[in-house]
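Trainee: Take the given structure of chain A and dock chain B to it, following the hints.
Protein chains in written order, with the numbering used here: chain A, -11 to 220; chain B, -11 to 220.
Hints listed in this document are in silico derivations from the structure and should not be mistaken for laboratory results. Be a bit skeptical, because a hint or two may be false.
Each pair may be met inside one copy or between any two copies, as identical chains are not told apart.
In silico EDC-like cross-links for lysine to aspartate or glutamate, where the CA-CA straight-line distance does not exceed 20 Å [said to hold, decoys possible]:
#1 Lys59 to Glu49
#2 Lys59 to Asp209
#3 Lys59 to Asp26
#4 Lys171 to Glu16
#5 Lys171 to Asp209
#6 Lys(-5) to Asp110
#7 Lys(-5) to Asp209
Number of protein chains: 2
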Amino acid sequence: MVDKVDKAVVLLSGGLDSATVLAIARNEGYWTYALSFDYGQRHRIELEAARRVAHAGGAAEHRILDLPIGKLGGSALTDDAIDVPKNSEFEHAVIPVTYVPARNTVFLSMALAMAETYGARDIFIGANAVDYSGYPDCRPEFISAFENLANLATREGVEGEGFRIRAPLIDMSKADIINTGVKLGVDYSLTVSCYNPSTDGLACGECDSCRLRADGFNRADVADPTVYRPVR
Amino acid sequence: MVDKVDKAVVLLSGGLDSATVLAIARNEGYWTYALSFDYGQRHRIELEAARRVAHAGGAAEHRILDLPIGKLGGSALTDDAIDVPKNSEFEHAVIPVTYVPARNTVFLSMALAMAETYGARDIFIGANAVDYSGYPDCRPEFISAFENLANLATREGVEGEGFRIRAPLIDMSKADIINTGVKLGVDYSLTVSCYNPSTDGLACGECDSCRLRADGFNRADVADPTVYRPVR
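One chain only, chain A, in its complex shape (with noise of 0.2 Å):
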C-alpha cells in the first residue's frame, strides 16, 4: 500500500508568523520544504531562527538559498544608509520604509521554482494583511494574482494539477495567530521578529515588528517568551 502524503513548499523567514504557518502545514499532513533567504537582510540572526524553527517545526528538509535582492538596495531592512525606524506610528495606509521592493513577488517565485522542481504543489506564505496592511505584497489580491500567475507559468500548471497559494495568516490578527501556534505546539521562543536584533539575537523592543509582536502575546494572554536586550 501506497501512502500518498502530498509536499508543501513553506517560506520560513525565523519569525513568528512564518513558525505558525509551518505548525499549520505539518497539521494539515504534508511533507514540509522550508524555504528561507540570506537577501542581506540586516537581521540575519533570524537565519539562525529559521533553522532551529525548521528542525523543531518537523520540517522534511530546509534550504537557505542566497538572494541579492539586497544588493539593489531602497529598503531599511538592506540598505545600511536608511535606519529602521523606532517607536513610529503604526500608519496601515503608509507603506513603511521597511518595505523590501518586490520582496514577496521574489520570495514566492523561488518557492515556485523549488515547489515544481520538487513535485509540491502547495506554497505556504505567513503575509499578514492586518498587522502589514502598509505593505502591497501582503493583501489577499497579491497572493490570488500570484496563484494565477503560477498556474499560466510552469509545466505544473499548464500539463498538471496546478499551484495554490496558501496565505492561512492573511487576515488573523497577532493574538490569534498566537493562540493558533500554541494550540499546535510552536515554540516562539526560537523564533525572532525584531527588525533590528544584537548580534546575539536580542530583540530591539523599539521597532514595529518587535512592538506589534509584544502586543500580540499580551492580547493573547500568552506570555512573551521574547528575550529583549537591556535599555541603554
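Mentor: What follows is chain B alone, placed relative to chain A:
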C-alpha cells in the same frame, strides 16, 4: 529645462533575442538598465556575451546578479545529470527538457525589484511565443499576468503610475527579429545563443537554439555571423 527621459530595465541573456530587445528599448528613447543572471547555467559564456552586448548596445548600466535556481535542479540547462538534446524534432506542443522551472517568473521578479529601486517603470523581456511555444512562461498570457501581479505587488503599482512588462518580440519569427535588429544596428556577432557552447564560446550548431538561430539568419537573408566549432 529638465529633459525627462524614462528608464527601463532590460533582461539581457547575451543571446540574439535580448540583444534585439535592448536595441528596441534604446530606439524608443529609454535609458536602459540591463540585468543578467548567473544561475548556474551551463552556457555561462553567455554572461560574457551579455557584457559585450550591454556595452555595445549603449546600456546605462549592466548588472549581473547571482541566482541560486540552478541549485534546485530540474533542467537540462542547469543540471549536469540531464543531457541537452541535439537535433531533436521541434515539438511545439511539448515542454522541452531545457525548460527551467519558473525561470521567467524569477527573472521578471528580480527585474521588478530592480525597476522599483531604480525608478524605472518599463521592464523589457525577450520572450517569444513563436519559437519557444513549448515554454509556458513565454506566452502572452504569462506576460499579462505578470504585469497584473507587478501592479498589485509594489509601491509603484499601488501609489504610482505602475509598471509595464514589454515583450516586443512575443509574436515575431526569428527572421523578423533579426531583420528588426539589423535595422537598429545590432551586432549579432557579439551574441551567443548556443545551449552547449565550447569554453571559448564556439557554438555547437546542433542544439535547438543553434538550429533556430541558423534558420532565422537563413530566412532573414542575413549572413550568419555565428562561429561554429569544427564538427568532430
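Trainee: Hint compliance check: list the failing hint numbers for this structure, sorted ascending.
Mentor: Checked against the structure, the hints that fail are numbers 2 and 7, while the rest are satisfied.
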